[in-house]
Amino acid sequence: MNDNTSVLLTLAGNFALMSLFAMGGANAAFPEMYRLAVDVMHWMSDRQFADLYAIAQVTPGPNVIVVTLIGYHVAGLAGALVATLAMCGPTCVFAFYVGRVWDRFKEARWRLIIQAALVPISLGLLGASTLVIARVAGQSWQTVALMLVTAVVTYRLRLNPLWVFAVAALLGLAGAV
Amino acid sequence: MPDVAPPRPTPTLLQLLVAFTMIAIFGFGGVLYWSRRMMVEERKWMSAEEFNEAYALCNFLPGPNIVNFAVVFGRQIGGTVGAFLALLGLLGPPFALVTFFGLLYAHYGNIAVLQRMFVGVAAAAAGLTISTSLKMWQPLLRERPGIPHLVALATLAGVGVLRWPIYWVLGVLLPLSIGLAWWMRR
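For the protein sequence lines, the chains are A and B, in the order given.
As numbered in numbering that gives the first Met the number 0, residues 0 to 176 make up the first sequence, in order.
As numbered in numbering that gives the first Met the number 0, residues 0 to 185 make up the second sequence, in order.
If you are wondering where the hints come from, they were derived from the structure by calculation, not from laboratory data.
Incorrect hints may appear among the rest.
What the hints assert, rightly or not - Derived, one-sided and incomplete: chain B residues facing chain A with beta-carbon distance under 7 angstroms:
#: 1; residue: 21
#: 2; residue: 24
#: 3; residue: 29
#: 4; residue: 66
#: 5; residue: 70
#: 6; residue: 87
#: 7; residue: 91
#: 8; residue: 93
#: 9; residue: 100
#: 10; residue: 127
#: 11; residue: 133
#: 12; residue: 139
#: 13; residue: 142
#: 14; residue: 151
We treat Cβ as the ideally placed atom computed from N, Cα and C, and that holds for glycine.
Could you put the whole structure together from the sequences, leaning on the hints where they help?
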């Protein structure tokens, strides 16, 4: 087994395992990704991890895409593919079959009960992660102001938020936030 | 709950692919906002309640939740092919983009400009998350105050305010919530 294959296998194994425990989405898995990439495997420095995180955040798409970048950094295009497939593949297959059972028992009492139990908890978790995200992003009065204006504008108006992001990026570029 | 909602339009496979591609390429700072906007507000393929129910299921499945949502919704529309197309739309364009950025980073290794933009984008993304959360809480807030409200607030307080470990909070609240839901529907 050559070096490259073993790196790809390490990527596949670690991200597949991580995906199974990533309750609450990719955001919840970031600390674990950091531990793996920086502390355990020494694939990159602390600074490089922060850079890759920033690149993934300004790239549109699901947050999980940071995994693609880590894979690319470690083993090029093959690494990007392997890391992404490992992070999403097994859980997608699982979601596919759970979705099928969930649909088949659409009217079943047990499904309605579980659904009624899960909805408020998931809303609570969403609210909790919103608090965390807001706390991390709102480091200065400028960022807090930008955050609140975005929240109000996108809640009240049917404006396309892409405009807000363009302005926010320009403000950042100009050093105004 | 009796289903009295009017019948909703069903997307074709092409519409499915296009919708998830748009969710991906517009989705700065996360894709929850655009998923909801596309499904509930623009295409009206789901009601606000149905979206919350699907989100709740996908949140509790292992793995990234909107990726799970693409699989679950895509499967409903077009089986294996539908799930695959939704995934392709959601992950394909970001994969290509981020790999390209990774290539640039490997060559230049300096993202000072991007880091500055990132500060602004992160703040706007947090604002967008706030408004998405508020919209998703609305169906709950419209109901008469009751047990689901207490469960939602307890989760929010335990995980978000007191910062208790998520598995401990869920270990207590999940069985409790299921028990209460069962008791209310006896």
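Checking hints one by one. Is residue 91 (chain B) an interface residue toward chain A, by the C-beta closer than 7 angstroms rule?
violated, 9 angstroms
Status of the residue 100 (chain B) interface restraint (C-beta, 7 angstroms, chain A)
holds, 5 angstroms
Would the hint on residue 70 (chain B) stand, with a C-beta cut-off of 7 angstroms toward chain A?
holds, 4 angstroms
Mind checking the CB of residue 21 (chain B) against every CB in chain A and telling me if the closest is under 7 angstroms?
violated, 10 angstroms
Measuring from the C-beta of residue 29 (chain B) to each C-beta in chain A, is the shortest one below 7 angstroms?
holds, 6 angstroms
Holds or violated: the hint that residue 127 (chain B) contacts chain A, with Cβ atoms closer than 7 angstroms.
holds, 6 angstroms
Taking the closest Cβ pair, is residue 93 (chain B) under 7 angstroms from chain A?
Cβ of residue 93 (chain B) sits 3 angstroms from chain A, so the hint holds.
Measuring from the C-beta of residue 139 (chain B) to each C-beta in chain A, is the shortest one below 7 angstroms?
Residue 139 (chain B) check passes; min Cβ-Cβ to chain A is 6 angstroms, inside 7 angstroms.
Cut-off 7 angstroms, beta-carbon criterion: hint that residue 24 (chain B) touches chain A:
Hint holds; residue 24 (chain B) Cβ to chain A Cβ min 5 angstroms, cut 7 angstroms.
Less than 7 angstroms between beta-carbons is the criterion; does residue 133 (chain B) satisfy it with respect to chain A?
Constraint on residue 133 (chain B) satisfied, holds at 6 angstroms.
Hint status (Cβ of residue 142 (chain B) to nearest Cβ of chain A, threshold 7 angstroms)
Violated - the Cβ of residue 142 (chain B) stays beyond 7 angstroms from chain A, reaching only about 10 angstroms at its closest.
Interface hint for residue 87 (chain B), Cβ within 7 angstroms of any Cβ on chain A
Violated - the Cβ of residue 87 (chain B) stays beyond 7 angstroms from chain A, reaching only about 12 angstroms at its closest.
Going down the numbered hints, you'll see the structure goes against 1, 6, 7, 13, while the others check out.
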